[in-house]
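> Chain by chain, the residues:
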Amino acid sequence: MSRKKQPEPVDVVIVGAGAGGATAAKVLSEAGLKVVGLERGPWLKPEHASGDELKFLNRNFIWQDPKVKPRTYRPNDKVEAEITNFSATPQVVGGGTTHWGGMVPRMAESDFKLRSLHGDVPGASLVDWPISYDELEPYYTRVEWEFGTSGLAGANKWEAWRSRGYPTKPSPLSQIGRTFATAMSKLGHGTFPMPQGMVTEPYRGRQPFSENGFWQQYPDPGSGKSSTLISFIPDAVATGRYDLRSDSYVSEILVGKDGRATGVRYQDEDGDEFVQHAKAVIVCGGGIETPRLLLMSKSGLFPDGLGNGSGMVGKNATFHQYSFSVGLFDREVSDPLYGWAGHYMSLCSFDFYETDESRGHILGSLIFPSMIGHPVNWSFPGRPTWGQAAKDADREFFNHSMKIGVLLHDLPVEDNRVDLDPNVKDAWGLPVARITHTPHSNDFAQERWQVAKNGEILEAAGAKKVIPVNMERITGNTSHELGTARMGNDPATSVVDRWCRSHEVPNLYVFDASFFPTATGINPALTIMANAWRCSDRILQVDRHGWSEN
Amino acid sequence: MGQAEWATVPISTRDVDGPVFFTEHEWNTIEAASARIIPTDHHPGAREAKVVRFIDRMLAGTQFIFPAADGNGFLRMEGRDEAAWRERIKQRREFYREGVVELDRLAKERADVEFLGLSEEDQDAVLETLSGATKPNAFSLEHSEAGLGGAPAGNQPVNEDFLEFFPLLVLNTRQGFYGDPVYGGNENRVGWGVIGFDGPPSLASTMDGSYTTRKYMIEAAEWPYDQHPEVLRYRRP
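From first to last, the protein sequence lines are chains A and B.
Everything in the first sequence is counted per the numbering used here, starting at 1 for the first residue and increasing by one.
Everything in the second sequence is counted per the numbering used here, starting at 551 for the first residue and increasing by one.
Relax, there's no trap hidden among the hints.
Estimated spans, in silico, between C-beta atoms of each pair:
id, chain 1, residue 1, chain 2, residue 2, range
1, B, Arg-630, A, Ser-548, 36 to 42 Å
2, A, Gly-429, B, Pro-774, 56 to 62 Å
3, B, Ala-557, A, Gly-360, 56 to 62 Å
4, A, Lys-186, B, Arg-647, 54 to 60 Å
Cut-off 30 Å, straight-line C-alpha distance, at most; resulting in silico cross-link-like pairs (DSSO-like, lysine-lysine):
id, chain 1, residue 1, chain 2, residue 2
5, B, Lys-658, B, Lys-685
6, A, Lys-4, A, Lys-34
7, A, Lys-298, A, Lys-5
8, A, Lys-453, A, Lys-157
9, B, Lys-765, A, Lys-169
10, A, Lys-157, A, Lys-169
11, A, Lys-113, A, Lys-453
12, A, Lys-5, A, Lys-425
13, B, Lys-765, A, Lys-45
14, A, Lys-4, A, Lys-425
15, A, Lys-298, A, Lys-67
16, A, Lys-169, A, Lys-45
17, B, Lys-685, A, Lys-464
18, B, Lys-765, A, Lys-464
19, A, Lys-186, A, Lys-157
20, B, Lys-765, A, Lys-186
21, A, Lys-113, A, Lys-157
22, A, Lys-5, A, Lys-257
23, A, Lys-186, A, Lys-169
24, A, Lys-67, B, Lys-640
25, A, Lys-425, B, Lys-640
By construction, these hints were calculated from the structure, which means they are not laboratory data.
All residues carry an ideal CB built from backbone N, CA and C; glycine is no exception.
Construct the complete structure from the given sequences, taking the supplied hints into account.
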């Protein structure tokens, strides 16, 4: 059918070009391997970006269009799943690093050993990570410097040791940051500049962010925001050994009679089908699309999906639901907050990160203040929707409102999972991902407590009205998709080993956030990149020497 | 052709005066309804912002869905994305066509005239009937109305595909009032002026660095911020 040539075999094919896939592409191609990248979405460039709220937030210019790439959600097995835009995440070259707010804190040391710290928590599948902070630290540092970050080493008293500070100074303070710092100090708490995936000084040919205010959920037309689109992908392409094919949709990972992966099948934008053979396959489609692809890759040897002998592919899904309290301020007594100025958030605190059982729950997460939204999407619960009252509320509070949010450090639960929807297909005719998820009781306790605490902070900041926005269910509103191809030492209870290599298929790897054994209470991209670098080094040092010549 | 290769067509939502999709009657009716959703007071409202033009251009097809990044022209959508938007716009056209008929029907029930012939108070009453709820009361810091109306603030927008006519009209009115003027509404950026958003003079200005919000930040402050003189200058509760 195809008039185009089938592609030449290569060393490694990487599915996805987001945080994980682009990092692997850079490390492997710079070391001399021949790499093909297949990215489902388009290769948009910085010149496709601008401060257009409707385009990027309301009309899904870079998020998946739910009519083309739907997903389904149900709380449990007893209910029929419904189509939703669960976990809208850019499916583009650069992935989630294009639209993100660029929060790049490191994991805490405790995050690596939650099972040891908390034991068997009923209803959860809590485990220790098979690796330690010490193993990851050199890679955290390497990514912070290669990728481009800003922050202030030592300002977070909860942070573990670090071998080096940040390459650029902290991002400038916003009015919302000012308000948060003042209130937290009044309550005896600490704050520090948010570690950011941004450069704040000229750095490696890049210029600081223009501070046009279009930051969270907007790709950057300049070079201030760090994304793999403008850093690791150009690095990999510059080697001449990374062939990145955008608009290329992988539908199956192929295996040979010996149970090793042989490559992938994909369609290009015209619908023409190809097979890309490679000595190794690295899957980096994100914590929803990766298990979906593994489950779609059924064969005689792997009837339940590739690398799924344990039945664990797709299970233990966590999503970092974002909740917050809104504060409304009286313009007669408080200075304007101008939430739209700057880059969404500017400070954070780890004072509620470590477990304190007197709070009635275990675990915690970072908290951070932010703007509520640009004019179209700015809102709060109870806002009048139309008429004079609506206009008055907009006028009164648009510049006198903010929120303080929390990323839920959710517990892994085996039944919370991603699998294939038996009824719904995407525009390619392939079964879509179905999410089955109900939060653990500790998730609700943690979330309620922290949202209430954030409300207290807003009151200390002078807010005249505080409105909690609590989780009812998980919607995937952070684009963080974690845990669905769990890393562990035991092949019976995990999907990949400590090097993110499939326990069953020795030349198949998962380098996106699917590997996270537990969710952590921080944004995952820095850890995804550091871990992808660590595991790519392992491929270079060990695994590649065992690959057969095709 | 992939999204990155979509061509830019040199068209503007302001190339013609008046409707592209609506009939004159539909145009006038939606304009009047939008003017009750964001009324004119000592500041401009939906009528002055030309919200009806925003809605008309949205319904005109898929040619005005995605502006070019710099605002000069619109992207010619292709492939599956274009097909999805064509389907979406077709559904919205039906909502609006039938919505205007319904507004007139309710108006006739009420006062035996079309919606346009009603007083503002009666137009509000028709919108109340259409929405199935009373017109929102004034919001105040003192009393609690949590849970009453209003999309919850979130970091992900409301999905318009699942909205009925009235909430769709309300949301589209808001989009036309507060969205970038390139889409046909927010004429002379009056929507931004009402709420004090010092937004960009053009989409291009957000790309070349000429538009910045730095003057609204506290760039000289250094950590620990709470004790810094630049922070202590502000009022504290």
